[in-house]
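Asks: Got two chains here, each in a separate frame; can you build the complex from them with the hints?
As given, the protein sequences belong to chains A and B, one line each in that order.
If you use our numbering, the first sequence corresponds to residues -4 to 440, in order.
If you use our numbering, the second sequence corresponds to residues 1454 to 1677, in order.
Derived by calculation from the structure, the hints in this document are not laboratory data.
Please note: incorrect hints may appear among the correct ones.
Stated by the list, open to error - Computed cross-link-like contacts, DMTMM-like style, restricted to lysine to aspartate or glutamate with a CA-CA straight-line distance of at most 20 Å:
1. A/Lys263 - B/Glu1640
2. A/Lys266 - B/Glu1569
3. A/Lys266 - B/Glu1536
Said to hold, decoys possible - Partial list, computed: chain A residues near chain B (C-beta under 10 Å):
4. Ala269
5. Ala270
6. Ile272
Quantities reported herein were computed from a predicted structural model and do not represent experimental measurements.
We put the CB at the ideal spot given by N, CA and C, even for glycine.
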Amino acid sequence: MVAVKLIPLLFSWFGIVLVLLRGFSGRRVPVAATGVVGFALGVVGAFALLRSYPGELSFGIVRGVVAGVFLLLWGTAVAALYRNTMREFHVFQGEKLVNASFYAVIFTCTTSIIAGAVCTCRLPVTGGTILALLLLVLAAGILVLAALAAEKMLPASLTVSQPALMAAVVALLLFSASSLIRLDLFSPLSMKVMKFAHDFVHQFFESMLIPDHLFIRTYLWGYIGLLFGNGVGFWGGMIIWFTPVVLILLSIRFELLPSVAHIRQGAKRRKLLAAAIRERRIRLVIPLLALLVFAAAAYRSSYPSVEYWDPTPVPVLASPAGEIVIPKQGEINLEDGKLHKYLYKQGGKEARFFVLLNPSGEFTVDLDACAICKPDGYGQAEGTVICYYCKTLIPLETVGKPGGCNPVPVPFTVKADGVHIDALTMINTWGNTVQATARIKEGGK
Amino acid sequence: MAPAIIETNGLTRSYGDICALKPLDLQVPEGEWLSVMGHSGSGKSTFMNLVGGLDRPTAGSLKVGGEDLLMLSEDGLARFRREFVGIIFQQHHLVPYLTAVENVMLAQYFHSVPDEAEARSALERVGLGHRLKNRPGELSGGEQQRVCIARAIINSPKLLLGDEPTGNLDHKSTVMVMELLKELRAEERFTVIMVTHNQEVATWGDRTIYLDDGVLVREERMRS
Ligand SMILES: Nc1ncnc2c1ncn2[C@@H]1O[C@H](COP(=O)(O)OP(=O)(O)OP(=O)(O)O)[C@@H](O)[C@H]1O
Ligand SMILES: [Mg+2]
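Excised from the complex, chain B in its bound form (with noise of 0.2 Å):
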């Protein structure tokens, strides 16, 4: 089996009284597609700010790519988060005046120097080679969350999570945008984390886990 990739002792994580992740021991494989699904409120958006450096766990240990997060600075956070993770949420979060390529352009900025064609390319690989110049109210939300996916892949992140990416898609777009992680995946090798409520979506993955109250109850292998 790969070495993993992440790898937790113990991580938990509460806000005051309220313990939104309780102590959870958990390995992931480098390559692995792992579902995360539980009912609303079960800590799996909690989960995987943790795992993506955006939040810092009250207690337990957290290796990601061979590094302690428990460790870093805030400035070593903020590098982690941008050499190595790329995100996609529900809500698309581009930045409303900006174009497609300019949106995917701020990302490479923000990690080194923007490069227009390497921009581009990426977002004719999302199949969105002719909305280069929209701006996102321009765009269906499926093609939004194509763009949210170019600019998590700008950067040739290790890990990519997704927390309900396709949960304001209709079923057309879902199996589009699913298609195409897939897709990605396979030439890029990034490990994927992929919150859901979709039963569906999670047969994407290679392994399911459950969540209930901030408790991992059940895990579940795919056929591959």
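Next up, chain A with everything else stripped away, as it sits in the complex (with noise of 0.2 Å):
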């Protein structure tokens, strides 16, 4: 089972070494050496994290050192543009440091460290075991000598180029990545610019517009409108996600192909210039190869494999007292730890929400919906519950506590017979909280 869901995980891994031996050609073993070294270390030191500090913490420091290396992507990309456009700017000064062996293993050292963890982070929380992770390493050192193999057989004139390489082994990563909901980056960064766009949109209105003028008509809210729609966060995302290599594409499209005016003779001259024009085509392949693997990242980010645990809400009705009660026992076992979802309807006004024991031993009620986004509600997957319209995750330690894309709590008592919560209380919070954003957010008038 965790096998198969390491395959795709390996498969870059496979993909990662290949791209390095190609871009550092010359220096095939000190790279396929250090490669599986660096894994290794990966590995064990993601191990060791996860061990010493369980939960999100971890999960975050992997993640943060994978959007970090996103950005390094960034940098390179826009310095490659810059470099192979400035006609005056000939001497690219880490050259140097790029040819060096040192450079070399220091950069496939770094991207195998990654790659180790993000794997690492794959194996269930407990079940990592000493042996799984030799496994892992194993795995690891045969698909480097397999690259080693398939190396060979690429065509010669397939070259890389330094910005390419890092092209390549960012997306792979990223597509590693992508695969636990806990590191991937497409979602929260999609995410992010939405409520950019939100905010920045918000600060527009209460500065300068007046919302109900006469001259601002309906189709222009309808414009507005799209602004808060999920479309921005997902382009934004889109862009920014996809920029970088889009840039290396276009620097490898502006190289100033090499001076042949000095060239008698006209055949000879055409025959350079054709040869560099080829080169410079086949400097395209990676590059697009890593703009597609960016996109499988992004489409398994928006659509991840991970299964939810989403119960249908089960329609409840209050006592004559006005108390919502739900059985700990009975047709439901509430202390199982997931997420039991329940529905409440009166006169005209519902609330829909869930109650859950969190891994403290705590019972929580909350509304399945946070006060920011619309009312998608909520499922629940390795550890966290994940807000469907806006792919929050949020460990289950911290449901039950207020603010962001958190479940609204409901105050409640527990007591033998099950959890009492005050219907009218119930209605009232949905009302307030909920209600009260989805129409801020479906238009605004």
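Replies: Right under this line is the structure:
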């Protein structure tokens, strides 16, 4: 089971080693050796981290590192474009550095550590036994050997420039990370963009526009509504996501051809030019592949293969005294640590909520909605609940605390027979938080 | 004497029972202008096609410009034709819907990349500076043949092959074309092999070989 889940990650690892070997051709052996050692280091490091800080912190660190690598790619892309379009800027200061042996080793080592760490995060937290770790490193080692053999079969003309190498490696790392909802970057990125657009529009209104003014026609509201939509986050995220590789592609496309003016014979001159153009075209191959991998990562992040626990809400009624009582035992076992959803209706109003026994053994009752997003509700997976609307992950430990995208807590009391909630409070909490935000979101007027 | 650019040993080409070229031993030194004569069906075109890499021999060895054509793959042979050989046929084989300059640029394109300025100056060299934008149908036979010459030399071949390039031309045009080829050879120093039925055309060369029924029967050196 775990092995199956690791297949895409190991596949990416194979790809990473392949491009590293080609990118640092001529240093095959040091790169391969460093790759295995780095991977093992990453596995051990992540294991130690997960053991000492279970929960969000460890995942947060690994995710932060992956995000840092993505930022580095941005830097590399901008630098590459700058370098290849500035006609006077002939000498690349980093050329010497990039050609040095130790650069290849450090680059490979860093990449492999991250790859190893991401793979380890995929292992079940408690099930990550020493044996599993050994098997993982062994598999990675075998894949390095396979990559050594496969690299020889690639056409010799397929060269990888430094920015292209960076693009391919980062794409594959992000693809690996996208298979874990806690390491995934694309969803939080699009969320950030959406929130930013949201805040921006909000401020804009407060400072400049009077929403009810006569001149602001309805169609205008339609456009403003666009900015609040899911689309903004998605497309904004897409732009940030794909731009670096596109910049790298452009930088290769704009690379200056060698000067051939000094060659007298036309045929020779044209032959040199044709060879240079062909070479430049081949150098586009790897970044184009990286673009595909980026797309695959974004797709996996938007449609994760993770299975969510998502029960249908059970309708409940209030007692004559105005209390909703959810029994601890009965048809549903409330104390199984899973999310249990209920639906309460009263005079045309309704409220959806869930009851959950969190890992520290305490009950919490919350609306199946937060104060920010559309009330699409929550699902549960991998020690977290996830907001279906904004894909934010909320660790089980923090469910029941108010704020942000956390589910809105509702007061309750636990008695021997079950969990007691005041029906009126429930309806009012829903009415005050959820409906209000939903109204603003759906077009403002 | 200059080193041989073409070296054949027992070069043979047969089509089933018909032996179009019987075992032929021949050496052509670099820079020579060789005329090939013989009656119709004697194997002149067959010999040309072998030397130009358009066809493969059935037996014997064939070295052109230091390359063993029998060892070359299809790709290698295509590269050899592209970079080493220029060919002019009796029929011009120009693309009818392209202009003169575009026809020359097409040859550049198949070789590497097109370069219009260079194509124009090549046409100017063959005296067609004023007909750059005309299509083959709008040119006389002699002019068409001169476009073919421009096209044949545009990629600086080491070997220029002509299969009766003046077969369809009157005396005046023939002389013009031959003069032009002579001038170009003096500048570019390529080797010429020229198949012809015309004894007068053969006299432009340094040496003439006579084929009969696929056999080299006679060889004649021109006074220089
Ligand atoms: N593709 C072919 N298949 C069969 N026989 C062929 C083929 N090509 C040429 N031949 C034969 O080979 C012999 C030599 O032909 P080739 O074209 O070399 O003669 P040629 O000297 O160029 O004649 P011409 O002066 O008429 O052009 C001829 O008998 C011809 O019929
Ligand atoms: Mg013939």
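Asks: Quick check: which numbered hints come out false for this structure?
Replies: none
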